[in-house]
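Undergrad: Sequence:
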Amino acid sequence: MAMLVAMPLVASAANEKLAPECSDPALATTSVCKDVQQTQTASDNQLYGPNGVLTRAAGIIAWVGGVASVMMIILGGFTFITGSSDPNTLSAAKKTVLYAVVGLVVMVLPSTIIRFVLSKL
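Once you know that position 80 of the sequence shown is 80 in this note's numbering, the rest is easy, because the numbers rise by one and skip nothing.
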């Protein structure tokens, strides 16, 4: 999973390092420089670029869902600690923590996938 997140960062870093060399007219027609130019124009896209609407919306939704999930994990942990005498309370607290962790994964994973896919466009 970490590789899916890290690979676009490595590729974009390579393109940024090659950008100064691509300003040379003799090298501008090489395949590497064409890739650099495509990356630069894709990053300017207002719909799915780094500051595009889709990227920002996915980030905001993931952030809000992540905060809500962390709050539910804290609430479930607090309920688990304070309700140690009642088995029903313990069961409910365990379910709260479990569902909050699942919710956290459900919120973060699509955002990561969207960012990965949009970086390839």
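Hints are supplied without guarantee of correctness; some may be wrong.
[Claimed, not checked] Restraint-style ranges between C-beta atoms, simulated for each label pair:
hint : residue 1 : residue 2 : range
1    : A57       : S91       : 33 to 39 Å
2    : S84       : N51       : 44 to 50 Å
3    : F78       : A57       : 41 to 47 Å
4    : V70       : K120      : 28 to 34 Å
5    : V101      : L47       : 31 to 37 Å
6    : S85       : L109      : 14 to 20 Å
7    : W63       : Y99       : 31 to 37 Å
8    : L109      : L47       : 35 to 41 Å
9    : V70       : L90       : 53 to 59 Å
10   : A57       : Y99       : 21 to 27 Å
11   : N51       : T30       : 27 to 33 Å
12   : V101      : V53       : 27 to 33 Å
13   : S85       : Q46       : 40 to 46 Å
None of these hints come from the bench; they were simulated from the model. Predicted model only: the values in this text are computed from it and were never measured. Here a beta-carbon is modelled for each residue, glycine too, at the ideal position from N, C-alpha and C.
Undergrad: Which of the numbered hints above does this structure break?
TA: Going through the list in order, the structure violates hints 3, 6, 7, 8, 9, 13 and respects the others.
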